[in-house]
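Just need the whole structure built from these sequences, with the hints factored in.
Chains as they are written, first to last, in my numbering: chain A, 182 to 550; chain B, 182 to 550.
Be careful, since some hints might not be right.
[As the list claims (entries may be wrong)] Which residues of chain B face chain A? A partial, calculated answer using Cβ under 8 angstroms:
no.: 1; residue: V320
no.: 2; residue: A321
no.: 3; residue: G426
What the hints contain is simulated information worked out from the structure, not anything from laboratory work. Glycine included, C-beta positions come from ideal geometry on N, C-alpha and C.
Protein chains: 2
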Amino acid sequence: MPELRYLILADGDFGPMTSKTANSLIRYRADRVVAVLDRSQAGRTAQEVLGFGGGIPVVGSMREGLALGPTAVLIGIAPMGGRLPAEWRGWLLEALDAGCELWSGLHTFLADDPALAEAARRTGRAIHDLRRPPANIPVASGLAKQVDPFVVLTVGTDCNVGKMTAQLQLTGGLNARGLRTRFVATGQTGIMIEGWGTAVDAVVADFLAGAAEQLVLQGAKDADVVLVEGQGSINHPGYSGVTLGLLHGSCPDALILCHQPTREFIGDYREASWLRLPPLGEYVRLYEQIGSAVHPTRVIGICLNTYDLSEADARAAGERAAAETGLPATDPVRFDPAPLLDAIVHARDAYRHARAPRGSRAAAPAARG
Amino acid sequence: MPELRYLILADGDFGPMTSKTANSLIRYRADRVVAVLDRSQAGRTAQEVLGFGGGIPVVGSMREGLALGPTAVLIGIAPMGGRLPAEWRGWLLEALDAGCELWSGLHTFLADDPALAEAARRTGRAIHDLRRPPANIPVASGLAKQVDPFVVLTVGTDCNVGKMTAQLQLTGGLNARGLRTRFVATGQTGIMIEGWGTAVDAVVADFLAGAAEQLVLQGAKDADVVLVEGQGSINHPGYSGVTLGLLHGSCPDALILCHQPTREFIGDYREASWLRLPPLGEYVRLYEQIGSAVHPTRVIGICLNTYDLSEADARAAGERAAAETGLPATDPVRFDPAPLLDAIVHARDAYRHARAPRGSRAAAPAARG
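Here it is as structure tokens:
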């Protein structure tokens, strides 16, 4: 089966901080992206808009996009609430009629739309709703505590600060060091990139932690380290429940706190700004206390997203974050990720040492602080 | 329209701590309950099983129950995960054929069961799935911060410790004192009793806080005090996400911590016991810190469920909880609820004083500590 060639829909919102799904696809699977549809930026390239992505063109209509021969149309933005903008239905029908599959991470399932479902039947094309949860998720019961690999979860000071991107970078780095490291996708974009996972924010609330638990159990097979993709933020008025369910369901042994230094207020870029971000130390304290209420965990590093800072300012932000928290801090996408990779390796060694049988532990010097 | 007469299904699980929905119906709407079906306790009365409920009989078969002339069969237990025990389908078909409506708070919607749906169509009887969430719930955006009434949320040291029962008692007490007090139901049992509400644990996780926000906005109309029914516990491995989404979505001005003094481990009675309850003071700290990350709040009282203690032990437990936390503590169902009612009234006065315009505030002595 030939690999899919994607036309990404990101109308009105293609940009470094606004089209999270599109950008991740372009960063990690650029060879499969034929174009981005955004009427407001037609004629530019991904490189010009994002700073990466090379010559991938931005087109101004579905017709132009389809002329480039995609085999799938992928929804590349995650609008507030995750629902389908009404105007897009016509474009998606056009895409099905042109023989494309549809890929979507919206909360509104495309396959539940009668017109789209009928067109998919008629054209024999598949609709992939990545946020549709699996059936029969159990209530979590703490099983993730018991897995053998070292489990690391990214947590954030807000939504959309780079939690998934950080994990993907670190996964590559740890595998390069010889640690079998598995990225566990908990959101639609991660699922598109990894090919498996569950969008935990689309699960009925009572089963959210259970979904996270199942993902960790699956990711733990044949792995030394499991890196779980975080969601939301513990103080986000809309999404904190998702954050905590994921934290308690996945039972991470360590946390990496993700932050965008220029972010001042909680909430997506398009919301009113009414909740000021507390200092990083306050986040460390909150996450460690609430996380450890179910399974002992601690923050072992700060992962910065400095895309909107000069290199000098980005380095200064890293030093400030490290001084503030006493933890290694860097932007692992922009700079050398070694400080965070080292932090994970050291925390894992200490954890394994602490868990080792008494005899073997007595033979080695104490490690866990 | 005549009032419904309920036959309650609680097979194998009718008891003081196991059949939460059945018990609340019997406590608050006993006149509408014709019988309880539990084969393991047939021949007893509700009074004998629960210690309240008078002569409501426990029957051993659907046939016996239907002979007593119910107009509705209501699912009276909330099994782990909320799904329908397979054996019950036959009984529910029998009930529909006998002309009964069905009322259910299970996560598995009865109306989605083809056989039950078909029988309901054939018999013209309604199926009420109380956990089916309303359509188009928004993502929460902090609107509940702005309502005029004083908002109180019950929080718990575990599931099933009496959060709803406490609120219902306090609602009555506050109304008797002349404060227009609205109980806001967030679970299926509360909805059955109040006639409106949303089962927030059945909402897709991203919209859970939004559902809580909508409920508070609705409950705030023409009310002086809004008492929001709490769910789960902040350190429950399965349900903590629901607890935090409700806490951040409802923006309570004050919290009442509910606790069963004999409970040692987190988790429903039927689960393995692997997480020991921390001290009350630790819960107070966790709830205040994590709640105040979105809207300032504090715990103002401890509400005990002492059903399984002697009167002397129950009073001693109240004194111990008060000494441990420095807060008023009582079992408002068993003893005089005045300490908790006073706590709410005083906290509301202090809150209104603090929010009053500067001129009027300067005229009175400072109140909020």
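Consistency of the hints with the structure:
| no. | hint | verdict |
| --- | --- | --- |
| 1 | V320 | 4 angstroms, holds |
| 2 | A321 | 4 angstroms, holds |
| 3 | G426 | 3 angstroms, holds |
The structure agrees with every numbered hint stated previously.
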